[in-house]
Amino acid sequence: MSAAQIDHEYHPDWLNTVALGQYLDTVERQFILSTLARDPSVHRLVDLSGGSGRIAIPLVQHGFDVTVTDVSIIPLRRLRQKDRSIRAELVDPAASMLPLADASVDAALCIQVPFYVEDGRNWFFREVHRIIRPGGWLIMTSTNRLSYKGWLRRLLLVLGRMEPQSWHRFEYVSTPVDLETRLHTAGFTVERHLGYNWAPTLRFSDTGLLPVYAAIERLVGLDRMPALSPWVITSARRTTLDA
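In the numbering used here, the protein residues as written are 3 to 245.
Please note that the accuracy of each hint is not assured.
Calculated lysine to any residue pairs in the SDA-like style (CA-CA distance at most 20 Å, straight line) [claimed, not checked]:
#, residue 1, residue 2
1, 151, 226
2, 151, 202
3, 84, 66
4, 84, 67
5, 84, 180
6, 151, 192
7, 151, 180
8, 84, 151
The set of hints was computed from the structure by calculation and includes no laboratory data. Quick caveat, the model's predicted, so the values are computed rather than measured.
Model the full structure from these sequences, guided by the hints.
Spelled out as structure tokens, the structure:
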């Protein structure tokens, strides 16, 4: 398969080039790097469903040892074309185990992967707990059912303007409190939430107003309101598993 064919077939690579994608990428990378900078012992990372390396490649450039997993071979082929030094693991989407050994990573990333985080898959958080060494980190993103985008999503479903059996069925079904409870049950302590993606735009938006929306988000303090934020990025530390 040629690079052109892979690029054509892997839609997220294009999404990350538009204005909203670049904004999301900036917020997520800054949060990840600032979190990892707090713990100099972090070196081994896994980017779960990390696609073609949007997050992983910059982390390798910062000196981290990164493994990428994904449920599709297409982004992993694209990743190998970009950087052959990054280990890539194909995962069965029906599997309930991650292809890593116990306590084998210092941190796990799960960025924009709602089918893992928000689909009620309690096995996922327990598996992540298993592969992270004690005191290690989980950094993940989620969408918020109680945000204005969550309410709008439900309205569109009621009006028949959105297909309920699409990818979107995994989004806007939980809240930060829900996820914090599940994380605690799995043996994690939440360290920090950051709200983002308040802009009234679609995921593929390339509007020139994104810098204005991002500035308003920061100046008004919307990023400090995760309970109402459309998207939330969270850092949590592996502690112990509840009995």
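Okay, the hints, checked on the actual structure:
Using a Cα cut-off of 20 Å, the hinted pair residue 151 and residue 226 holds, with the two alpha carbons roughly 17 Å apart. For the given pair, residue 151 sits about 8 Å from residue 202 by alpha-carbon distance, which is consistent with the 20 Å threshold. Pair hint residue 84 plus residue 66 holds up; C-alpha atoms about 16 Å apart against a cutoff of 20 Å. For the suggested pair residue 84 and residue 67, the alpha carbons sit about 16 Å apart, so the restraint of at most 20 Å is met.
For the hint pairing residue 84 with residue 180, the CA-to-CA distance comes to about 37 Å; that exceeds 20 Å, so the pair is violated. Restraint check: the Cα-Cα separation between residue 151 and residue 192 comes to about 24 Å, which exceeds 20 Å; the hinted pair is violated. For the suggested pair residue 151 and residue 180, the alpha carbons sit about 17 Å apart, so the restraint of at most 20 Å is met. Distance check on the hinted pair: residue 84 and residue 151 sit about 34 Å apart at the alpha-carbon level, beyond 20 Å; violated.
Consistency note: the structure conflicts with the earlier hints numbered 5, 6 and 8.
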